[in-house]
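Going down the list, the protein sequences come from chains D and Z.
Just so we're aligned, residue 38 is where the first sequence starts under my numbering, counting upward by one.
Just so we're aligned, residue 33 is where the second sequence starts under my numbering, counting upward by one.
Hints listed in this document are in silico derivations from the structure and should not be mistaken for laboratory results.
Beta carbons are placed, not taken as given, at the ideal position from N, Cα and C, and that holds for glycine.
Certain hints may be false.
Lysine-lysine pairs mimicking DSS-like chemistry, simulated, CA-CA at most 25 Å apart [claimed, not checked]: (1) D/K253 <-> D/K223; (2) D/K146 <-> D/K185; (3) D/K124 <-> Z/K256; (4) D/K223 <-> D/K201; (5) D/K120 <-> D/K201; (6) D/K253 <-> Z/K88; (7) Z/K88 <-> D/K146; (8) Z/K312 <-> Z/K47; (9) Z/K88 <-> D/K287; (10) D/K120 <-> D/K223; (11) Z/K47 <-> Z/K191; (12) Z/K312 <-> Z/K49.
Which stretches of chain Z does chain D cover? Using the computed rule of at least three CB atoms under 8 Å from a CB of chain D, they are [as the list claims (entries may be wrong)]: (13) 59-67; (14) 87-95; (15) 100-106.
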Amino acid sequence: MNPTSPPRLHDLSARVSENRDLGAAHFLLTLEAEPIVASAAPGQFVMLRFAGSLDPLLPRPMSISDVIPSDAMHPGRIQILHKVVGKGTDRLAALRPGEHLQVLGPLGKPFSIPSSAAPASVAVMVAGGIGVAIFPFLVPALLGAGLKPLLLFGSRSSQELVRKDWFAGQGVEVRAATEDGSEGTKGLVTTLLRETLSSPREVAIVYACGPHAMLKAVGGLVMASGVSSQLSLESYMGCGIGACLGCVVKVRRESDFAYARICVDGPTFAASEVLWE
Amino acid sequence: MSATPRLEVQLGPLKLKNPVITASGTFGYGTEFLPFVDLARLGGICVKGLSLAPRKGNAPPRTFETPAGMINAIGLANVGVEEFVRSKLPALRPYNTAIIANVFGETVEEYVEVARIASTGEGLSALELNISCPNTERGGMVFGCDPEGTRRVVSAVRKVTALPLIVKLTPNVTDIVSIARVAVDSGADILSLVNTFLGIAVDLPRRRLVLANGVGGVSGPAIKPQALYLVHRVCRELQVPVIGMGGIMNATDALEFMLVGARAVQIGTANFIDPASSVKILDGLSAALERMGVEDINEMVGALRGAGPSQEFST
Chain D
38 MNPTSPPRLH DLSARVSENR DLGAAHFLLT LEAEPIVASA APGQFVMLRF
88 AGSLDPLLPR PMSISDVIPS DAMHPGRIQI LHKVVGKGTD RLAALRPGEH
138 LQVLGPLGKP FSIPSSAAPA SVAVMVAGGI GVAIFPFLVP ALLGAGLKPL
188 LLFGSRSSQE LVRKDWFAGQ GVEVRAATED GSEGTKGLVT TLLRETLSSP
238 REVAIVYACG PHAMLKAVGG LVMASGVSSQ LSLESYMGCG IGACLGCVVK
288 VRRESDFAYA RICVDGPTFA ASEVLWE
Chain Z
33 MSATPRLEVQ LGPLKLKNPV ITASGTFGYG TEFLPFVDLA RLGGICVKGL
83 SLAPRKGNAP PRTFETPAGM INAIGLANVG VEEFVRSKLP ALRPYNTAII
133 ANVFGETVEE YVEVARIAST GEGLSALELN ISCPNTERGG MVFGCDPEGT
183 RRVVSAVRKV TALPLIVKLT PNVTDIVSIA RVAVDSGADI LSLVNTFLGI
233 AVDLPRRRLV LANGVGGVSG PAIKPQALYL VHRVCRELQV PVIGMGGIMN
283 ATDALEFMLV GARAVQIGTA NFIDPASSVK ILDGLSAALE RMGVEDINEM
333 VGALRGAGPS QEFST
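Hey, can you work out the whole structure from these sequences and the hints?
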């Protein structure tokens, strides 16, 4: 018996087809996950886990960085761009082709794409560090909607501007900001966003993914400018499917507030929804 | 070749088709798991703890991973007992499984009112009383940490519900047996143990406690030995049916709890790691019993043979 129709989720053992070292502790992991490719949309994520592992115990939420449709040689694949920051990512970095990883997804609310933007208006992607991982999958959708993608990419140094050239190769205008000034503007990525929003260019929408403090600053800027926005939030997660209530963010609810679950109510939120602490 | 092992268990007034129950707070209101679990296969579902009024819960961060475990301070966020009876319970009713409402309060009166309202819900199989909450009328003393608090809340709830009453014990006590005995003497039909162990996580670079609430509850495989010990103690001392829990990840873990005396088990943190854990453990139980040539799972309950190495030869 099945009174409510469940969302199309898959929990599968995915074969690693490639795990490319991009330098500066960044890795691009490619996993064979045909059913997820078939149902994923930009902005969604997967939970990755090592079957039987007690430490790390919990699955790790990771943005679906990109999808590669099936071809004669391979089933459909998903790509995970990550940076080694702890136990979980350390083990991800050590994966070799042919090994398997458990993948649950696709999860979460996708990015929305403006359907009636002015011709050739700009879709801004604001990336803070590894937050850039979420954007490759979005690029073709923006181009397909007739938008002009602009990536504002902030990091500590030029070494961490991973996949910058990939974006440029896809026809994305890329502007960088580094904290040490080793590339692009010296300073924070929000400086670039402020310039963009005050320029005469028509901005249709701002997407952002990065550290909490960056998202908060981006939220402030887009709210002040009245541009619509899609922020992708991150959090430690227990389950990824809305059951543990661990990954919440404070959001506006009429005159009050509520805690929304980042995993199922997000991770995509409009800046106007979030109540920043 | 033996037949499929019998899995039905009887816990006082509560009959379950098998001993696998999903633990409160780890399985939402059940329907979150529909993509992964045929709910009708489960022995029972313990829903997210219910209070009289809806609760938003604590500020984030609420969860953090610890070695072989996790620590959480969700803050008992829930839709409230009335909304549960109105919308969540009807969604679960079509599935042929025991639906158990986990309830809590901050005063005895609140416990009573929540239990009374929950008991009006059609299709409910049992109440599970979470007594690990601070009593706001007694300076925040946790009900279940004090024999008198336990007696007051259990006996008051007993008067307002005809449903099988499960009392869920906290491990954060000096002598769990004395609390267990008071719970039984006050009207508990069944005991479930253990709830999470109090713990904290420290963020060294920032010199702060990780969770916004500071303290949280530790769960997962890290607490299994401690939980087994407490279940073993209670089962040795009292004749009451016990539901064991604490870090159960697979059928072997579940059978260990049953060997030390539990008649059923709850699966908690495992649901977060693999959402199909509960049914996988159920399948694993059947397979393990068949392998051992055990025809009825009740033969495993309390069937511990002793301590230390066996004197039998095994070649």
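Going through the hints against the structure:
no.: 1; hint: D/K253 <-> D/K223; verdict: holds, 20 Å
no.: 2; hint: D/K146 <-> D/K185; verdict: holds, 23 Å
no.: 3; hint: D/K124 <-> Z/K256; verdict: holds, 22 Å
no.: 4; hint: D/K223 <-> D/K201; verdict: holds, 17 Å
no.: 5; hint: D/K120 <-> D/K201; verdict: holds, 15 Å
no.: 6; hint: D/K253 <-> Z/K88; verdict: holds, 22 Å
no.: 7; hint: Z/K88 <-> D/K146; verdict: holds, 22 Å
no.: 8; hint: Z/K312 <-> Z/K47; verdict: holds, 21 Å
no.: 9; hint: Z/K88 <-> D/K287; verdict: holds, 10 Å
no.: 10; hint: D/K120 <-> D/K223; verdict: holds, 22 Å
no.: 11; hint: Z/K47 <-> Z/K191; verdict: holds, 22 Å
no.: 12; hint: Z/K312 <-> Z/K49; verdict: holds, 16 Å
no.: 13; hint: 59-67; verdict: holds (count 7)
no.: 14; hint: 87-95; verdict: holds (count 7)
no.: 15; hint: 100-106; verdict: holds (count 5)
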